[in-house]
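Chains A, B and C, in that order, are what the protein sequence lines are.
Heads up: the first sequence at position 304 corresponds to 1742 in our numbering, and the numbers run straight through without jumps.
Heads up: the second sequence at position 263 corresponds to 1701 in our numbering, and the numbers run straight through without jumps.
Heads up: the third sequence at position 256 corresponds to 1694 in our numbering, and the numbers run straight through without jumps.
Errors might be hidden in some of the hints.
To be verified - Keeping only pairs whose Cα atoms sit at most 27 Å apart, straight-line, the calculated DSSO-like set for lysine-lysine is: (1) Lys1666/A with Lys1678/A; (2) Lys1731/B with Lys1731/A; (3) Lys1483/B with Lys1499/B; (4) Lys1516/B with Lys1731/A; (5) Lys1516/B with Lys1630/A.
Because the hints were derived from the structure by calculation, they are not lab data.
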Amino acid sequence: MSHTAGELASYLGATLSGDANVTVAGVASPERASAADLIYVESPKHLARAAQSAARCVIAKPGTSIPGKTLIETAAPKLAFAKAAAWLLPKNAPLAVIHPSAIVPASARLGANVSIGPSVVLEDDVEIGANTVIEPLCFLGRGARVGEGCRLHPRVTLYADARLGNRVEVHSGATIGSDGFGYVFGDGRHWKFPQIGTVEIGDDVEIGAGTTIDRGALDSTVIGDGVKIDNLVHIAHNVKIGARTLILAQAGISGSCVIGQDVIVGGQVGMGDHCTLQDGAIVASGAGVLTGKVIRAGHTMWGTPARPLEKFKEQYAWVSRLPELAERLRKLEERERAKAGD
Amino acid sequence: MSHTAGELASYLGATLSGDANVTVAGVASPERASAADLIYVESPKHLARAAQSAARCVIAKPGTSIPGKTLIETAAPKLAFAKAAAWLLPKNAPLAVIHPSAIVPASARLGANVSIGPSVVLEDDVEIGANTVIEPLCFLGRGARVGEGCRLHPRVTLYADARLGNRVEVHSGATIGSDGFGYVFGDGRHWKFPQIGTVEIGDDVEIGAGTTIDRGALDSTVIGDGVKIDNLVHIAHNVKIGARTLILAQAGISGSCVIGQDVIVGGQVGMGDHCTLQDGAIVASGAGVLTGKVIRAGHTMWGTPARPLEKFKEQYAWVSRLPELAERLRKLEERERAKAGD
Amino acid sequence: MSHTAGELASYLGATLSGDANVTVAGVASPERASAADLIYVESPKHLARAAQSAARCVIAKPGTSIPGKTLIETAAPKLAFAKAAAWLLPKNAPLAVIHPSAIVPASARLGANVSIGPSVVLEDDVEIGANTVIEPLCFLGRGARVGEGCRLHPRVTLYADARLGNRVEVHSGATIGSDGFGYVFGDGRHWKFPQIGTVEIGDDVEIGAGTTIDRGALDSTVIGDGVKIDNLVHIAHNVKIGARTLILAQAGISGSCVIGQDVIVGGQVGMGDHCTLQDGAIVASGAGVLTGKVIRAGHTMWGTPARPLEKFKEQYAWVSRLPELAERLRKLEERERAKAGD
Chain A
1439 MSHTAGELAS YLGATLSGDA NVTVAGVASP ERASAADLIY VESPKHLARA AQSAARCVIA
1499 KPGTSIPGKT LIETAAPKLA FAKAAAWLLP KNAPLAVIHP SAIVPASARL GANVSIGPSV
1559 VLEDDVEIGA NTVIEPLCFL GRGARVGEGC RLHPRVTLYA DARLGNRVEV HSGATIGSDG
1619 FGYVFGDGRH WKFPQIGTVE IGDDVEIGAG TTIDRGALDS TVIGDGVKID NLVHIAHNVK
1679 IGARTLILAQ AGISGSCVIG QDVIVGGQVG MGDHCTLQDG AIVASGAGVL TGKVIRAGHT
1739 MWGTPARPLE KFKEQYAWVS RLPELAERLR KLEERERAKA GD
Chain B
1439 MSHTAGELAS YLGATLSGDA NVTVAGVASP ERASAADLIY VESPKHLARA AQSAARCVIA
1499 KPGTSIPGKT LIETAAPKLA FAKAAAWLLP KNAPLAVIHP SAIVPASARL GANVSIGPSV
1559 VLEDDVEIGA NTVIEPLCFL GRGARVGEGC RLHPRVTLYA DARLGNRVEV HSGATIGSDG
1619 FGYVFGDGRH WKFPQIGTVE IGDDVEIGAG TTIDRGALDS TVIGDGVKID NLVHIAHNVK
1679 IGARTLILAQ AGISGSCVIG QDVIVGGQVG MGDHCTLQDG AIVASGAGVL TGKVIRAGHT
1739 MWGTPARPLE KFKEQYAWVS RLPELAERLR KLEERERAKA GD
Chain C
1439 MSHTAGELAS YLGATLSGDA NVTVAGVASP ERASAADLIY VESPKHLARA AQSAARCVIA
1499 KPGTSIPGKT LIETAAPKLA FAKAAAWLLP KNAPLAVIHP SAIVPASARL GANVSIGPSV
1559 VLEDDVEIGA NTVIEPLCFL GRGARVGEGC RLHPRVTLYA DARLGNRVEV HSGATIGSDG
1619 FGYVFGDGRH WKFPQIGTVE IGDDVEIGAG TTIDRGALDS TVIGDGVKID NLVHIAHNVK
1679 IGARTLILAQ AGISGSCVIG QDVIVGGQVG MGDHCTLQDG AIVASGAGVL TGKVIRAGHT
1739 MWGTPARPLE KFKEQYAWVS RLPELAERLR KLEERERAKA GD
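This is chain A alone, in the form it adopts within the complex (with noise of 0.2 Å):
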């Protein structure tokens, strides 16, 4: 879509100085950027990428001068463009096409505009929402559950009965509601156990590139509102993770943790079974959290076993000291022993 710079100000709520007029149309890099394209500055050090740039119109902090250009100023520039952006970029309108190599069964119940691409497979019973894209080869198990204007790209498998909110958006390969690793040694043998659980993922989830999220074993794994999970993650079964939470890349987060909100776990966290991140936790990148281990609201932890980061820095140093220590412990030995010839 195209906009003026002032439509897009005041959109924003943000203070405009410059010509209101310039066409707005898309967003870009400030290398990238053509005249109608939006960009925005957050730091003072790329002010000279931002000057530039073909770009006419730029978001940037109140205070910022850029010559020729139409500023849009804002507190939060990168915030701002974001909105932008949203706001900007055309979304692709549903095709409201099923296509006809789709398997689409008569139990299935599909919104309004619903759009089902190539060799997608329908189990009976599912359910999907309207506006809600499906693209090329995915599977719906029986049951499935999907909500309103969610888009699954290529190669998503959604398990018999997973359930998912609106405006879920889940990326190429990503896998919901697969059994969980459960087994009961007995006999000489491994026997499963039962994993009949359900998977239920709130509004506004992103999921990324083959992640994989196991339904529960008797109970269900749940994805809070607005949680927003990476590539690779591994998501194991009775997991409860609350609203806004953020899992980075590779993480892998095992059975019955129970996550609150707005947590951050960083990419390839190991977390152990039964463990509980309390509301605001940060878990840093490569940490590993012991089996039940209750971390509270708004700690930071690192290192394996993660202990808070500032103990886990302190350790650290002290680590890198260790040969000036033994050196020093070598000394008074020695002039201990020199004395002692005296």
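Given the structure of chain A, go ahead and fit chains B and C onto it with the hints provided.
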């Protein structure tokens, strides 16, 4: 299937107390159970949950008392529950239907009651055993063989010549038989080392969603009977894994590792190439095992580089005490200086 | 293809000793080889394996003697073996067939001898170069471009506008061009930062099963020529990777990292965003590189946080000696107290 508590106790070889005619038709958690669902109590602290459940039949340890419930008493309630679930829960009988959109060449050898879902693609000379279910969107390369009673969930790839035993379950997005990562550098480029070996999966193996198992380079990658592999695990070329070993989520096993029977490889463990894990060894979650390392039977290892668990704990305890040790050293030095200044 | 040992030696520029007319038709390990298979011996300890093999032709180092075998002598037998394999092993000539179940819009630009398998889906404006094979169940989004002589194994996704060079091989389940993980928090929610950049893969790249490569946010994700990427690797938005770099299994490269040429990133390595690995750097398996870190050309790093390998080893050795140091400290204190008590 519906049974009586008496029949179930008899099947399990367990003692029944209470009404043997209570119907048992499914399994559930105490909170979700209806009257006909079976529940279990492993630990006394969950007795109240069981007592409050709508379930009429409870598997519990001998000597347990829960008023109003029919008890099936056994020393290992969770194990008995898993066995009961396998006995009670309906296995969807294979539909024994080949979907018309599946590509099934005339060269395919299909056992009795094989089911093949929509958009499945079989290359030439594939063999599939009786009662096996190939769900939608799977690919089976030339010469692949799948045993009897297997289930390939949607979107599984078997590369050419991959072989699966009987009763193997493979979850969505898994890839079996991909080329290993082997190159030889020369003349300024990486030459691919031939990856033309095979991959052989035993009986009763379960393979998690998104897991990748590479074929051998010149020899075979071999997964033994009863091995259970979690989600997003990477198993490289030429790896051998013994019977009943468990590999937890996101573990990575480098080329030519030899893993014994009844081993446990924890989540996100990384193993360098040519490691040996003898029978019953345990590598705890997040550990990193150095190339060529041999871990003896029954040993438990942790950390990177992996060392015996007790040693890891001891070292970690000392690191935690480093600030104290440094302070004691400082005071010794101070007192020495004070004396010297006397 | 079948050749003589003499032709092979000539192709490799190597010295032949023995019968130059021996037929060489394939490659194998010594144990699996038939008479017409080529084998190699890199290290003297494997001479006996070669001697016992049915193979009649062996690549070995100059001066090696194996009675009864034709020897092709070269300083780098494994390299020569890889080259020989590439020369001998049949490339399945592309069938040059578009399967009728594939969705190929009229807007597709297909080079000569392109093969497209069953249930492949091409969106509009896709370009595929000559002799490229798109195996079943792949998806190529709008505007995707694939060069000549490429092979996409089954179940590969290219998002819109993804570009692959020539002779690129992508393994099953890989996803190229998915949205990066970028959000800006404001007004109580995560706003998606636009992920509208591109992904550009060079020539002679191999990408492992299940690997995910995100498109740039506003700019490009770029993978250089000859890069080899193992299974289940995560490469985030805006990452640049130089020529011939190797990325091992399950490594995770965060956003905007710049990786030079001939770098090795070990298995399960995690890199924070905006790291720089200069040419020839090595990050050993399992290491964690902090955000913004610069690793100089040719350096080898290990540990979390990653530090020079020698430093890591030194620190680790001191940690192992901590119990001893603590005991020496204790004894010093004891002797001091004893003296004080004199």
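Hint check:
| no. | hint | verdict |
| --- | --- | --- |
| 1 | Lys1666/A with Lys1678/A | holds, 14 Å |
| 2 | Lys1731/B with Lys1731/A | violated, 30 Å |
| 3 | Lys1483/B with Lys1499/B | holds, 13 Å |
| 4 | Lys1516/B with Lys1731/A | holds, 24 Å |
| 5 | Lys1516/B with Lys1630/A | holds, 11 Å |
The structure does not agree with numbered hint 2 stated previously, though it agrees with all others.
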